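Peer 1: So the sequence lines, in the order shown, correspond to chains A and B. Numbering-wise, the first sequence is residues 1 to 271 according to the working numbering. Numbering-wise, the second sequence is residues 1001 to 1129 according to the working numbering.
Hints should not be assumed to be uniformly reliable.
[Stated by the list, open to error] One-sided and incomplete, this derived list gives chain B residues near chain A with beta-carbon spacing under 10 Å:
# : residue
1 : Asn1029
2 : Arg1036
3 : Leu1038
4 : Lys1040
5 : Gly1041
6 : Asp1047
Simulated from the structure, these hints should not be mistaken for lab results. Please read these numbers as outputs of a predicted model, since none were measured by experiment. Virtual Cβ for every residue (Gly too), placed ideally from N, Cα, C.
Given next are the chains, with one letter for each unit.
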Amino acid sequence: MSDTESPGFGIYVYGITRDLPGEALKDVKGVSGAPVLLMEQDGLIALGSRVSLSEFGEAALRENLEDIEWLESTARAHHAVVDAALERAATVPLGLVTVYRNEERVRKALRERREEFVGALDRITGRTEWGVKVYADVKRPESASAPAGKEAPSRPGTSYLQRRLVQRNTAEEERRKVLAVAEYIHCQLCDLAVATRLHRPQDPQLSGEQGWMLLNAAYLVDDARVEEFHDAVAHLTRLHPDVRVRLTGPWAPYSFAAEEEPEEEEAWTGP
Amino acid sequence: MSEPPGREMSGYGGYGRGAPQSRRSEPANLADILERVLDKGIVIAGDIQVNLLDIELLTIKLRLVIVSVDKAKEMGINWWENDPTLSTGHRDMVEENRRLRERVADLEAGTEEYPEEVEEEYYEEDRRE
Chain A
1 MSDTESPGFG IYVYGITRDL PGEALKDVKG VSGAPVLLME QDGLIALGSR
51 VSLSEFGEAA LRENLEDIEW LESTARAHHA VVDAALERAA TVPLGLVTVY
101 RNEERVRKAL RERREEFVGA LDRITGRTEW GVKVYADVKR PESASAPAGK
151 EAPSRPGTSY LQRRLVQRNT AEEERRKVLA VAEYIHCQLC DLAVATRLHR
201 PQDPQLSGEQ GWMLLNAAYL VDDARVEEFH DAVAHLTRLH PDVRVRLTGP
251 WAPYSFAAEE EPEEEEAWTG P
Chain B
1001 MSEPPGREMS GYGGYGRGAP QSRRSEPANL ADILERVLDK GIVIAGDIQV
1051 NLLDIELLTI KLRLVIVSVD KAKEMGINWW ENDPTLSTGH RDMVEENRRL
1101 RERVADLEAG TEEYPEEVEE EYYEEDRRE
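So here's chain B without its partners, still in its complex pose (with noise of 0.2 Å):
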């Protein structure tokens, strides 16, 4: 809160050329860790499926953003709004992957139709790109 700027950046002095990994700056916080692991690192579906788009919604949003990112408005900070991993229109990419790859389990399932407008969907991607 009332830390002098650039306390934690005593002893970074140390840091070897080949080994950067060799010394922590400081313990990570609990925000900056949730940042990582859960919008970040590769995602891919394993065998249970569970939505963290769903949870980014309840938990994450509440607790982590939402607060945030109204009063970074009113300052005029906005530009993790050009970053494209948090615009919405990967949101809306993340989201179509999921609900596609639900459908291909029902498919391989036998539980459903394949839907015609998932194709058209798709030639619309194609044609925006």
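Bound conformation, chain A alone (with noise of 0.2 Å):
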């Protein structure tokens, strides 16, 4: 594999995997359009590509990183190889930019970690990642409008504070409402589950949605459960107007796939 080795290169590497075929990503495309390697070691295969170090050397990630398209570009790219396996086999995502000197480096690493990527694949095996979303189109206070034909004209001062403090309250009362929903489907949610994350929420820039985000949880669901978690999304869809929920998956179980998880699973696993 001297290809692979050759000065000013490096291996990016975007999940570990097992059991899978030699040829299943042969039209997949990593980052920079390369084509994806399946570099195997005892059973576990590290799903690499090669990268010029002019772009994916430190100094050159230092700056990239700070590049927002250059930052889509490449989450696109690991995302889609990552998927492009997932489809496949259980795959442990690594995070973003990981990358080695040369393949022989990535052995090593895999020798050095089996024990540790072997847990996480089998954890994950035969469960697939889910985001659940919840938004709320709720007033903002400042933007209450007045409502109109309650002036007491006397007292011009009191009616206005009046005015406001039924606004506030009006407002607060709402928003404490879908919290509360927001709440309500999470722990329908996690009864499905066999573990979940809180993410935070998003910025409407990135995410295109522009109410509030009430919740950003990410679920591990099992296959033999997929079907009845999306029955349970889409009834609580249905029993809660109020609210919008936006399902997405399946992913990669990017939120599950460190090591010191399931300790947390305890406080959000619901009741």
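Take the two lone chains, each set in its own frame, and fit them into one complex as the hints suggest.
Peer 2: Below is the structure:
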């Protein structure tokens, strides 16, 4: 494999899998459009591709990662490779821009971290990650419009304050209501998942969503319960027209790949 | 924006039991992908050392998180703060690991004396756990 060891090039690793036929990803392109390499070591397979260090070296990366367009195309390529592998076999995704000097270094990592990778693969085999986000178009307090025709002309100041108070309480009430709905939805879905993770709310600029994001959660679901999970999401969506529910997936189990995860589960898997 | 609730749910009926991966619900948006590939997955140190935490402080925090977090807090949404992977403790640990990795690398390269405080910090960690 001397062509993977030329100076000026490194190996980008997307994820770890096993039981993947050698030809399975021959049509899939990685970052920079490079073909995907399968590097096998004792039954574990690292999915990688050759990258130029002029783009993926340390100094270049520091600069490139600040470039949102570069970041987007790299993230999408990373995701596409992991996704293609996931369609064929359980795959543990690695974090973005994991780059090794050559194939031998990749194999060394597979040998040294074998236990961790096998553990992660065992945890996620037969399961997929699903994302559920809940939004509401709750009025912001400052944008609530004044109810007309309730003026008390003799005491305009008091009337104004009362009006503001009513507006604030109404908005507050509305927010409490949709938050409770989001929490209820989360609790219901937790019961169908083997594990869950809560992500931070997303910026509307990136997500293209204008409403308030009330919930941004990931659920690890057994294959046998995926249908049930989908039905539950659809049911909860119909049940709560005051919020919008968006389901994404199946994802490679990004949110459940790391080793230290199990201890967190208790707090969020619900009653 | 003004999509009716549940629009994305159409087309889910066809999932076969044994093949949940065979169909994708919708093209993943950038925010969904970034929050996963940057923050999640197994993080291992390759040969090229790049600190995604630094990157997160700049690109990601600015573009992905800060606006929403402040607004969310205003609304009383703060449950991600209870997720250990997102809380400061975890960040500290990641940062600590990164620092230790660098020191190990320096030690192996023979460019740094062994700093005593590292050992002390570790014992403190142990006591806290």
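Peer 1: Give a verdict on every hint.
Peer 2: Against the structure, the hints come out as follows:
With a least beta-carbon distance of about 6 Å to chain A, the hint placing B:Asn1029 at the interface is held under the 10 Å criterion. At its closest, the beta carbon of B:Arg1036 sits 4 Å from a beta carbon of chain A; the interface hint therefore holds under the 10 Å criterion. The interface hint given for B:Leu1038 is met, as the beta carbon of that residue sits about 6 Å from the closest beta carbon of chain A, less than 10 Å. A hinted interface residue such as B:Lys1040 counts as satisfied when its beta carbon comes closer than 10 Å to some beta carbon of chain A; here the least separation is about 4 Å, so the hint holds.
Look at B:Gly1041: its Cβ gets to within about 4 Å of chain A, closer than 10 Å, so that hint holds up. For B:Asp1047, the interface hint holds, since its Cβ comes within 10 Å of a Cβ in chain A; the closest pair sits about 4 Å apart.
The structure meets every hint from the earlier list without exception.
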